[in-house]
Amino acid sequence: MKRIFVLLTLTALLATGCVPSGEVPTTPPPLLDTGIDPNAWAEVPAGEFLMGLHDRETLVDYDYEMMVTSVTNAQYAEYLNQAVAAGTVKIMDDQVVGYYPGDEFHGYEHEKKIEAGDWLHVPLDDPGLRLDFDSTTFAPKPGYENHPMVMVTWFGAKAYCEFYGWRLPTEVEWEKAARGTDGRPFPWGDEIERNNANFYSSFDLFEKIVGKQGDTTPVGFYNGKVYDGYQTLDSPSPYGLYDMAGNVWQWTSNVYEGVHYRYMRGGSKADYAYNLRAWTRNNAGPDYFSPNVGFRCARDK
Amino acid sequence: MQAISNRFNYLFRSTKGLVLVAIALISLVTAIWGTLSGPMVEWGVKDVTVRLLGMQLVEAEREGRIIMLYHTIAMAVVAIEVYFITGAVKMKKHEQATINATITAGYLTSMVFGLWFAYFGHNFVFHGLFLFGQSLVFFAGILLAAALWPWRKEYRVRDSAYAHGPGGIDLERVAFFTMTVATLGSAVFGAVTGSYWGNGHETFLAEDLIREPYKTPLQLAIIGHLHIMLTLIAVALALIIGRWFDFKGILHKIAMPLMILGTIIVTAGAWAVVPFRPIAHIIIYVGSVMVMLAALMLVIFGWNKLIRERLAEQGIKKATVWQGVKALLHDPLKFGSLWQMVYMNFTVSGVGIFMAIKLDEIFRVWPAREERIALTGHWHILSGIIATIILLYYADLAGLKGKARRWFGWLVILCSDLAFGAVTVFSMKRLFVSESAQQPLVNWTMVLTDVGLASVLAVLAALMLWRLIDLFKKEGRWAQELAEAGLATPVAAEEESISDQEVA
Chain X
1 MKRIFVLLTL TALLATGCVP SGEVPTTPPP LLDTGIDPNA WAEVPAGEFL
51 MGLHDRETLV DYDYEMMVTS VTNAQYAEYL NQAVAAGTVK IMDDQVVGYY
101 PGDEFHGYEH EKKIEAGDWL HVPLDDPGLR LDFDSTTFAP KPGYENHPMV
151 MVTWFGAKAY CEFYGWRLPT EVEWEKAARG TDGRPFPWGD EIERNNANFY
201 SSFDLFEKIV GKQGDTTPVG FYNGKVYDGY QTLDSPSPYG LYDMAGNVWQ
251 WTSNVYEGVH YRYMRGGSKA DYAYNLRAWT RNNAGPDYFS PNVGFRCARD
301 K
Chain B
1 MQAISNRFNY LFRSTKGLVL VAIALISLVT AIWGTLSGPM VEWGVKDVTV
51 RLLGMQLVEA EREGRIIMLY HTIAMAVVAI EVYFITGAVK MKKHEQATIN
101 ATITAGYLTS MVFGLWFAYF GHNFVFHGLF LFGQSLVFFA GILLAAALWP
151 WRKEYRVRDS AYAHGPGGID LERVAFFTMT VATLGSAVFG AVTGSYWGNG
201 HETFLAEDLI REPYKTPLQL AIIGHLHIML TLIAVALALI IGRWFDFKGI
251 LHKIAMPLMI LGTIIVTAGA WAVVPFRPIA HIIIYVGSVM VMLAALMLVI
301 FGWNKLIRER LAEQGIKKAT VWQGVKALLH DPLKFGSLWQ MVYMNFTVSG
351 VGIFMAIKLD EIFRVWPARE ERIALTGHWH ILSGIIATII LLYYADLAGL
401 KGKARRWFGW LVILCSDLAF GAVTVFSMKR LFVSESAQQP LVNWTMVLTD
451 VGLASVLAVL AALMLWRLID LFKKEGRWAQ ELAEAGLATP VAAEEESISD
501 QEVA
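As they're listed, the protein sequences go chains X and B. Anchor point for the first sequence: position 206 equals 206 in the working numbering, and the numbering is continuous, going up by one each time. Anchor point for the second sequence: position 485 equals 485 in the working numbering, and the numbering is continuous, going up by one each time.
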């Protein structure tokens with residue numbers, strides 16, 4: 001019987017030794033220029049599209065625009081510097097917080113009150129944050145400038161978009177922008193390959209650094225370019241948006257009756273490929289933050 | 001020809017042969033379809049399987065495929081339990097033969113054509129056959145209920161050590177009967193909803209509906225269906241294991257009424273999810289507690305019996321605690337079948353109760369995908385534990401003895417519990433570690449899960465291989481088991497012998 005224990009322990013140790021430790025990296029990742037402009041916007045024309053797992057015909061009767069990529073650390077750092085100066089957000093107890101007027105409460109089972117007041121936008125003391133703050137100025141951590149902003153709550157995402165006069169996309173807007181009108185499950189088509197997107201165990205460059213759950217990849221990374229010998233597939237959505245599947249979940253704007261949760265789309269670096277299908281939903285409270293959650297903005301045309 | 005006929009009789013007419021076929025098929029399905037998810041995807045095995053077998057996997061059909069896969073495996077598991085029941089509970093020979101034949105035809109049809117439809121292109125004739133197979137399984141259930149009818153005079157209890165009601169009605173038989181009827185009703189609960197498919201009901205996985213403030217009655221019916229079916233499979237297994245241990249005495253007399261009432265109440269609770277959702281959970285809790293108490297009585301009885309019998313074998317009259325523990329652990333197959341029921345409390349019931357109590361405070365603060373992992377982990381473990389108990393019981397029936405028995409038993413117990421424990425920690429990881437720092441914990445739990453499950457599958461493969469090789473022997477264990485089942489005639493055996501000589 002002792003042999004079994006020894007065998008099991010050895011196997012476990014050997015197998016564990018095959019994967020990186022997964023701790024937060026101490027050395028910065030290489031800064032990779034993807035050539036995709038995070039300030040660019042893509043137009044999504046009005047019209048019907050097939051929505052959800054069961055392809056329900058859904059009409060969006062207006063044109064709109066969405067950011068081509070997720071908001072980056074550099075963009076969010078710049079925003080925080082401006083927003084603190086403008087007084088729309090403030091720093092309190094290692095947190096960036098800002099005012100939210102609250103949700104209408106309906107008293108449904110499991111519904112939580114979201115009251116008017118200051119709510120968390122970004123925690124400053126979590127190792128998952130890719131921003132530095134020297135008590136006066138925010139800056140992206142070296143190497144993470146063009147990676148998507150993470151560790152941002154729904155409040156923080158909404159505040160960013162509204163600061164510039166934009167908004168978070170609704171779920172309908174998000175899904176249409178991701179899959180176009182032909183009912184495809186992924187932004188680029190019907191099937192997913194490892195070098196289409198950043199997902200769990202997709203073996204991208206950054207998984208070598210931090211393990212299978214990986215790190216974020218720079219926005220627009222999967223555009224057909226070769227990075228340090230790693231060939232990506234060009235994977236935009238039909239309207240030219242990048243990273244609409246994988247890398248980070250993206251907050252959407254809807255506030256539904258009876259639930260306090262906010263919904264996220266797209267799947268992330270920590271999810272299996274099936275979570276990257278365009279209709280897959282995730283949700284959490286609006287004050288939730290994670291190294292796997294970011295956002296992008298939308299605006300009317 | 002006689003050789004083939006004898007082996008066919010063994011595999012498709014004797015209880016042990018039928019169980020062997022079903023376990024072998026489930027193993028095969030698990031081995032092949034297991035490559036489509038988890039680490040096998042990461043290692044690229046999925047791509048090989050899909051290419052080699054010509055599977056046609058459409059992304060939007062993943063949910064439907066999984067539902068059909070679950071059903072094909074569940075039908076085979078139900079068939080195994082039915083074989084155990086018809087083999088262990090008194091009934092007429094022709095009833096046993098008819099029930100076994102019907103359910104075998106049912107689960108085989110459903111498995112072959114269900115998987116064909118789901119994974120190899122959509123021929124709707126196959127879908128029809130998948131449903132037809134399930135209907136046969138249902139019909140076998142009706143036959144079983146009729147055969148188990150507890151109010152027949154010939155089935156009255158004659159030994160007062162067993163739980164009995166007025167006039168000597170066998171309460172254990174009533175428990176089997178109640179479980180069977182409850183299972184039939186609960187199957188209808190799912191089947192009715194299924195009949196609305198494409199006409200008000202759309203394919204979904206229950207775990208994707210968590211946090212939806214409004215669920216349709218059809219969705220609620222499916223949620224109730226899947227929960228109660230798994231529960232009733234567990235109830236049936238507890239009753240079967242009770243037969244194996246010859247459960248009797250005062251604990252039996254307390255346990256059987258609890259099992260009967262608990263089964264009725266927990267089933268009513270699951271059905272009540274549709275019309276009386278706010279109180280359904282309370283009803284389910286009451287029923288579950290009763291069923292679990294009955295199972296606890298069985299564990300106490302069984303372990304006590306194991307200790308008593310082993311000490312008597314050793315001639316020890318006054319044992320020390322250590323001798324008692326050694327006696328308890330002497331036979332891992334019997335000890336393990338009950339230990340797995342206890343372990344279930346740590347990894348399934350305990351976690352489930354904790355989740356229910358702390359739902360809003362903890363689990364609904366996590367993102368939905370984390371709560372989903374906790375839920376799916378929870379019932380995968382329950383299914384896994386049920387499977388290991390079946391395996392331990394089957395290994396005893398298959399005649400594992402000596403070192404092989406001990407190695408098989410302990411490997412199944414330790415490796416499966418290692419895997420189930422690791423999955424529990426993985427699914428509850430947010431309690432111990434933040435998302436930014438979870439990678440080492442994820443790595444460890446994944447490795448332990450993979451090692452544990454792979455080891456269980458390896459010993460299962462060894463058991464199957466042993467029985468497969470045995471089938472090629474003229475006078476293998478199978479022939480002995482065929483004779484025990486009263487299905488081999490001396491003439492047949494002689495003919496086979498002659499036929500083999502001719503071949504030689």
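Since the hints were derived computationally from the structure, they do not count as laboratory data. Wrong hints could be hidden among the right ones.
Claimed, not checked - In silico lysine-lysine, BS3-like type, Cα no more than 25 Å apart, as pairs:
hint, chain 1, residue 1, chain 2, residue 2
1, B, LYS358, X, LYS112
2, B, LYS358, X, LYS208
3, X, LYS113, B, LYS46
4, B, LYS358, X, LYS113
5, X, LYS112, B, LYS215
6, B, LYS215, X, LYS208
**Report entry** Numbers of the earlier hints that this structure fails to satisfy, in rising order
**Finding:** 2, 3, 6
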